[in-house]
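Chains A and B supply the protein sequences, listed in that same order. Each step along the first sequence adds one to the number in this note's numbering, with nothing skipped, and position 377 is 388. Each step along the second sequence adds one to the number in this note's numbering, with nothing skipped, and position 74 is 85.
For the record, the hints were derived by calculation from the structure and aren't laboratory data. Don't take each hint at face value.
As the list claims (entries may be wrong) - Sample of chain B residues lacking proximity to chain A, with all beta carbon distances greater than 10 Å (derived):
1. Glu38
2. Ile87
3. Met109
4. Ala122
5. Trp139
6. Glu341
7. Arg425
Unchecked claim - Covered stretches of chain A (in silico footprint by chain B; criterion: 3 or more residues with CB under 8 Å from a CB of chain B, positions within the stretch not fixed):
8. 23-37
9. 83-97
10. 153-162
11. 420-427
Here a beta-carbon is modelled for each residue, glycine too, at the ideal position from N, C-alpha and C.
2 protein chains.
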Amino acid sequence: MRAEIVAVGTELLLGQIADTNARWMSEELAGAGIDVTNHQAVGDNLERIVEALRLAASRADVVLVCGGLGPTEDDITRDAIAAFAGVPLVFHAELETMLREKFRRWSAIGAMPNSNLRQASVPEGADWIVPDRGTAPGLALRINGTRLYAVPGVPDEMREMIGGTILPELHALAGGDTIVSRILRIAGMGESAVAERLADLFSSSTNPTIAYLASMGEVKVRVTAKARSRADAEALAEPMVAEVRARLGDVVFTAEDETLEEAVLRLLGSNGRTLACAESLTGGGVGARLTAVSGASASFVGSAVVYTAEAKGRVLGVPEDVLAGGTVTEACALAMATGARDLYGVDIALALTGAAGPEPHDGAAPGTVWVAIADASGFTHARGFVSRGERDRVRRWAEQAGLDLVRRHLEGVRLPGTSLPE
Amino acid sequence: MRAEIVAVGTELLLGQIADTNARWMSEELAGAGIDVTNHQAVGDNLERIVEALRLAASRADVVLVCGGLGPTEDDITRDAIAAFAGVPLVFHAELETMLREKFRRWSAIGAMPNSNLRQASVPEGADWIVPDRGTAPGLALRINGTRLYAVPGVPDEMREMIGGTILPELHALAGGDTIVSRILRIAGMGESAVAERLADLFSSSTNPTIAYLASMGEVKVRVTAKARSRADAEALAEPMVAEVRARLGDVVFTAEDETLEEAVLRLLGSNGRTLACAESLTGGGVGARLTAVSGASASFVGSAVVYTAEAKGRVLGVPEDVLAGGTVTEACALAMATGARDLYGVDIALALTGAAGPEPHDGAAPGTVWVAIADASGFTHARGFVSRGERDRVRRWAEQAGLDLVRRHLEGVRLPGTSLPE
C-alpha cells in the first residue's frame with residue numbers, strides 16, 4: 012500500500028512553519044507498515060490543490076490531505092476535494108447540530124460565528140470523521156480506487172483523526188505483516204557511545220532491526236520486528252530488547268512507551284514517595300514536564316522556581332554565605348534541595364541551578380549545571396557538568412540530568428552521598 | 012518568478028525528521044520577493060527524483076533541490092539531475108583537488124574515503140558551487156529555461172549556498188520585488204471571531220494581502236505587501252496593519268516579531284516592575300516560558316508551583332477555608348496571587364489554577380481555569396473560563412490567559428478590581 016501526503020497552507024510556502032504534521036503522519040504510517048512515497052505542499056489556492064490531488068491520486072493508494080478545513084475563507088480544502096471529485100458540496104444539518112453543540116459547551120468562547128457553518132458542508136458522497144477536540148470534521152472518500160482522507164492542520168486535531176480512525180482503517184486493509192517497534196530510552200549516554208556498544212547487533216540484524224534516534228538529552232534505540240501476528244513480532248523483538256538492555260545497563264531508563272518524567276512518576280508511585288523541586292536555571296520546566304502527565308499530583312507536590320539570588324534566600328532559605336559563594340555551585344544546589352524538601356515537606360527534593368547562557372552567570376561559564384537531590388533521611392547528592400550548546404539545550408540537558416538523578420535514586424542505584432557545607 | 016522546492020531523502024518519508032530546510036528556504040525566498048508555489052519530498056529513488064524534477068521544471072522558473080549530494084551510495088541527486096537533463100556525469104579533477112585539500116585540513120578525520128570521489132562528478136554542462144563548510148559541491152544548471160539548483164541537505168551547508176550564492180543570483184534576476192510580512196498576534200480571541208471582524212479586508216485586498224494562522228492559544232494575522240523596495244513594501248503594509256489593529260483593539264498584543272512572554276518581559280522592563288507567579292494547573296509552564304527568554308531575570312523573580320492543596324496552604328498561605336471551598340475557584344486564585352506577591356516580594360503576581368482534565372478536579376469540570384493578578388498597591392483581578400480540549404491545550408490556554416492578563420494590566424487596560432473574600 013502506497014501513501015502520499017498533501018499539505019495545504021500558504022504558511023508552509025512562506026516558510027512560517029515547518030511541516031511537522033507530515034513528519035508525524037509519515038512516522039505513524041511507516042510504523043503501520045505503509046510506504047509513504049511522496050510529500051507535497053501547496054498553498055491555499057483551489058487550482059493548485061486540485062492539481063496536487065490529481066497527481067497524488069494517480070500514483071498512490073491512499074492520499075492524506077492535511078489542512079484547510081477551518082472556518083475561514085482561505086480554508087478551501089473541502090472545495091478543492093469536491094472540484095477534484097466532480098461533485099458539489101452538500102450541507103448536513105447534523106454537522107451543524109454537532110458544531111452548535113460544541114459552541115454551547117464552550118460557552119466562554121461565545122456564540123458560534125456564522126463562518127463555522129462552512130464546516131457543516133462536505134463533498135457529496137464523502138463520509139466524515141466527527142472531531143473530538145476541534146470543530147473541523149475530517150473527510151473520507153474513494154475516487155477511482157484511491158482512498159482520500161482530509162484532516163485538519165491543527166496538530167492535535169490531526170493526530171486524533173489519524174490515530175483514532177484512519178490508521179486502524181488502513182491497517183485492517185493492508186492485511187499483511189504486523190510491525191512491532193520497541194523503544195529503549197537512554198539518559199546520560201551519547202549516541203555514538205550507545206552505537207559503539209551495539210555495533211555488531213546493528214550490522215548483523217535484519218529482523219528485528221536496530222536503529223538509533225538522538226533527540227535533546229536522550230537517545231532512543233528502536234528494535235523493529237515484522238511477523239504475521241503481533242504476538243509473533245513481539246516474540247521476535249523481545250530477546251533483542253533484553254540483549255540491548257544487558258549491554259547498556261542502568262542508563263536505559265525504560266523499555267516501555269514512557270517519557271523520563273513518566274518513569275519518575277511511576278517509580279515515585281510504586282515507592283509511595285513524594286517529590287518537590289527547586290528550579291533556577293530551568294525556570295519551572297521540570298514541574299511543567301511532570302505535571303503534563305495526568306495524575307502527577309499523586310506524587311508531585313510542587314516546585315519552587317527561584318530565579319534570582321534573593322528569591323533563593325527568601326523562599327528556600329539558602330544561607331547568605333552560600334549565595335555569596337555563587338548560585339551556580341554544588342553548595343547552592345544542595346542548599347536549594349534541602350530547602351525545597353523542608354518547604355514542601357516531601358520525601359525527595361530535586362534542585363537545578365546553572366548558567367543557561369549566552370552570558371556567564373554569577374561567575375559560572377555558560378553551560379555549567381549543578382543538580383542535587385536531598386531526601387527525608389538526610390541523604391544528599393549533587394552532580395555538576397558542563398553542557399554544550401545554546402540556552403534551550405543547556406536547560407533541556409539539566410532537566411534530563413535532574414530527573415535521571417531522581418530515577419536512579421528511586422531505583423536504588425548507589426550514588427555517593429555528599430555533606431552540606433557547614 | 013515562481014520557485015519550487017524538491018527535498019530528497021527517505022528519512023523525510025519515514026518521518027525521522029521534519030523538513031525544516033524547506034521552511035528556511037521558503038522564508039528566504041519570500042523575503043527576496045520570489046513566490047514559492049510548491050514543495051515536494053521524495054525518497055532516495057532515481058525514478059521518483061526524476062519524476063519530481065520533471066514536474067517541478069514544468070511549472071516553476073526556479074527549482075531548488077535539497078539533499079542527496081553526500082558521498083554515500085544512497086546519495087543520487089547528481090545522477091537524477093543528469094538523467095533528467097539527458098547528459099552524462101563528468102568527473103572534474105579540480106573538484107577532486109578541492110576535496111583532498113579539505114581532508115588534509117581536517118586531518119583529525121583521517122584520509123579521504125574513496126566514496127567522496129563521487130562528489131567530484133557533476134552533470135555535463137552544470138556549474139558548481141564550491142562548498143565552504145562541507146564537502147558536497149552545489150550544482151547550478153539551466154534546462155529548457157528553468158534554473159535548477161541543487162544544494163546539500165545538511166542545514167548549515169544548505170544555508171551557506173542559498174544565502175551566499177543562489178539568493179543573490181535570483182534576486183538580481185527577479186529585478187527586485189520585495190515581500191514584507193507583518194504579523195499581528197492576538198490572545199483572547201478565536202480565529203473565526205478575528206476573521207469575522209476582518210472579512211471585508213480579507214476579500215477585497217490584493218496588495219497587501221491578509222491571512223490567518225491559529226496556533227495553540229493564539230491567532231496570527233499576517234499582512235503581506237509586495238513592492239519594488241523594502242521601504243515601499245513597508246509603506247504599503249503599514250496602513251493595513253493600523254486598520255487591523257484598530258478593528259481588533261487590545262486583543263492584539265504585538266505587531267512585532269515577539270512572543271507573548273517576550274511582550275510581557277518587555278513591558279515589565281519598560282515599567283521597571285517585577286513579576287512572580289503561583290502555578291497550580293500549569294505546573295511551572297509559565298515560569299519555563301518566561302525564563303526561556305534570555306535576560307528574563309531582570310524582571311522575573313520566580314514561581315511557586317503548588318500542585319496540591321496542602322502546598323497551596325503551606326507555601327503560599329492560602330487560608331484553610333478558601334481551600335475548603337475548592338482549589339479551582341476565584342477565591343483560591345486570588346489568594347494564590349497575593350500569597351506569591353508577598354512570598355517573593357514583587358510588584359505583580361500572577362496565579363493560575365484549574366482542572367486540566369481528563370477527570371474533574373476538586374469539584375471543577377475539566378477545562379475550568381481561573382487566572383488572577385495581585386499587585387503591590389493591593390489591586391487584584393481574577394478571570395475564569397472553561398477551555399475546550401485536552402490536558403495540554405487547557406494548560407496552554409491558561410498560560411496564554413494568565414500572561415495576557417499581566418500584559419493588559421501593564422498596558423493600562425482597565426480591569427475591574429475584585430476583593431478577596433473575608
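Here is how each hint holds up against the structure:
no.: 1; hint: Glu38; in the structure: violated (3 Å)
no.: 2; hint: Ile87; in the structure: holds (16 Å)
no.: 3; hint: Met109; in the structure: holds (28 Å)
no.: 4; hint: Ala122; in the structure: holds (20 Å)
no.: 5; hint: Trp139; in the structure: holds (26 Å)
no.: 6; hint: Glu341; in the structure: holds (14 Å)
no.: 7; hint: Arg425; in the structure: holds (21 Å)
no.: 8; hint: 23-37; in the structure: holds (count 14)
no.: 9; hint: 83-97; in the structure: holds (count 3)
no.: 10; hint: 153-162; in the structure: violated (count 0)
no.: 11; hint: 420-427; in the structure: violated (count 0)
Hint compliance for this structure: hints 1, 10 and 11 are broken, all remaining hints hold.
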